[in-house]
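Colleague: What follows is each chain in one-letter form.
2 protein chains.
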Amino acid sequence: MNDEQIEKVLDILKYDSAGLVTIVAQDAGSGEVLMIAHANREAVRKTLQTGIVHYWSRSRQKLWLKGETSGHVQRVREIRLDCDGDAVLVKIEQSGGACHEGYRSCFFRVLRDGRLVVEGEKVFDPKTVYETPVSGINRSGGSRGGSR
Amino acid sequence: MNDEQIEKVLDILKYDSAGLVTIVAQDAGSGEVLMIAHANREAVRKTLQTGIVHYWSRSRQKLWLKGETSGHVQRVREIRLDCDGDAVLVKIEQSGGACHEGYRSCFFRVLRDGRLVVEGEKVFDPKTVYETPVSGINRSGGSRGGSR
Chain A
1 MNDEQIEKVL DILKYDSAGL VTIVAQDAGS GEVLMIAHAN REAVRKTLQT
51 GIVHYWSRSR QKLWLKGETS GHVQRVREIR LDCDGDAVLV KIEQSGGACH
101 EGYRSCFFRV LRDGRLVVEG EKVFDPKTVY ETPVSGINRS GGSRGGSR
Chain B
149 MNDEQIEKVL DILKYDSAGL VTIVAQDAGS GEVLMIAHAN REAVRKTLQT
199 GIVHYWSRSR QKLWLKGETS GHVQRVREIR LDCDGDAVLV KIEQSGGACH
249 EGYRSCFFRV LRDGRLVVEG EKVFDPKTVY ETPVSGINRS GGSRGGSR
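Chains A and B, in that order, give the protein sequences.
Using my numbering, the first residue of the first sequence is number 1, and each one after it goes up by one.
Using my numbering, the first residue of the second sequence is number 149, and each one after it goes up by one.
There could be a bad hint or two in this list.
As the list claims (entries may be wrong) - Keeping only pairs whose Cα atoms sit at most 16 Å apart, straight-line, the calculated EDC-like set for lysine to aspartate or glutamate is:
id, chain 1, residue 1, chain 2, residue 2
1, B, K239, A, E32
2, A, K46, A, E4
3, A, K8, A, D86
4, A, K8, B, D261
5, A, K91, B, E180
6, B, K239, A, E119
7, A, K91, B, E267
8, B, K239, B, D175
9, A, K62, A, E42
10, B, K156, A, D113
11, A, K14, A, D84
Stated by the list, open to error - Chain B residues, not near chain A, derived (Cβ > 10 Å throughout):
id, residue
12, R189
13, R193
14, I200
15, R208
16, Q209
17, K210
18, L213
19, G215
20, E216
21, G219
22, V221
23, R223
24, S243
25, K270
26, F272
27, T276
No lab work stands behind these hints, which were simulated from the structure alone.
All C-beta atoms in this analysis are idealised placements derived from N, C-alpha and C, irrespective of residue type, glycine included.
Let the hints inform the model, and build the full structure from the sequences given.
Modeller: Now the structure itself:
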């Protein structure tokens with residue numbers, strides 16, 4: 001996409017009072033819904049420019065390249081907008097797992113017979129991925145919804 | 149689910165400052181993502197009690213039984229919670245279309261070669277479904293995101 005086309009799409013989106021739209025990431029192959037997060041105009045622009053999904057981290061209040069810490073990036077295969085323009089469906093190729101708890105999908109808890117049970121594919125150990133001190137700084141903590 | 153089990157699930161959810169969680173509705177058969185909307189505690193309770201998806205309409209500020217006007221109800225097949233507990237994935241059997249514009253899915257606009265194009269299955273005519281005056285009251289208008 002060229003810059004003009006990108007800005008046109010960014011203009012169509014309806015951002016909420018915090019300047020955000022909702023993003024649903026779905027596995028382009030299996031159809032599994034992997035996570036929900038948010039993006040501001042800049043994050044959507046970066047996603048369209050690079051083909052790698054960027055979000056806005058509400059907990060850290062900063063642009064968030066998904067996989068910047070874990071390497072578990074999301075490559076865009078298809079992008080869809082909903083009727084209101086306040087939600088975006090990104091069909092992606094997910095490397096590793098989407099969830100910061102080590103699961104393929106953030107939706108690893110399911111209701112079965114009235115009880116919530118864990119039923120999801122664990123694909124990495126969050127301790128190994130996030131808790132290695134880098135230059136003396138422990139980078140764990142502060143993450144919410146989706147692996148960094 | 150009995151009342152105690154339902155209240156336990158409602159307690160696990162993390163509601164935002166407006167008392168809402170995000171709901172993603174996915175076709176249980178095809179895996180197609182149909183819509184995104186919101187639910188408050190009462191709407192989730194009604195969904196769990198009845199097996200029919202209820203939302204909170206932010207535009208109308210009221211409990212919203214999906215399909216109350218259109219008949220296009222969503223029957224629950226599976227319910228999943230994300231890691232943060234602020235998003236719920238409902239796998240459903242959708243009668244008719246999920247979108248108030250007549251499409252099967254609200255995500256009927258897709259980016260192709262830098263342009264946004266309509267590419268979705270139209271399953272009903274919104275004029276027929278919503279614009280019949282009932283007792284002299286025209287019930288169209290005011291709907292956002294997902295058919296009523």
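Colleague: Next step is simple, just say for each hint if it's right about the structure.
Modeller: Consistency of the hints with the structure:
| no. | hint | in the structure |
| --- | --- | --- |
| 1 | B:K239 <-> A:E32 | holds, 11 Å |
| 2 | A:K46 <-> A:E4 | holds, 14 Å |
| 3 | A:K8 <-> A:D86 | holds, 15 Å |
| 4 | A:K8 <-> B:D261 | holds, 13 Å |
| 5 | A:K91 <-> B:E180 | holds, 11 Å |
| 6 | B:K239 <-> A:E119 | holds, 15 Å |
| 7 | A:K91 <-> B:E267 | holds, 15 Å |
| 8 | B:K239 <-> B:D175 | holds, 6 Å |
| 9 | A:K62 <-> A:E42 | holds, 10 Å |
| 10 | B:K156 <-> A:D113 | holds, 13 Å |
| 11 | A:K14 <-> A:D84 | holds, 7 Å |
| 12 | R189 | holds, 16 Å |
| 13 | R193 | holds, 13 Å |
| 14 | I200 | holds, 15 Å |
| 15 | R208 | holds, 14 Å |
| 16 | Q209 | holds, 16 Å |
| 17 | K210 | holds, 18 Å |
| 18 | L213 | holds, 19 Å |
| 19 | G215 | holds, 16 Å |
| 20 | E216 | holds, 18 Å |
| 21 | G219 | holds, 19 Å |
| 22 | V221 | holds, 19 Å |
| 23 | R223 | holds, 15 Å |
| 24 | S243 | holds, 18 Å |
| 25 | K270 | holds, 12 Å |
| 26 | F272 | holds, 14 Å |
| 27 | T276 | holds, 18 Å |
When the structure is compared with the earlier hints, no violation turns up for any of them.
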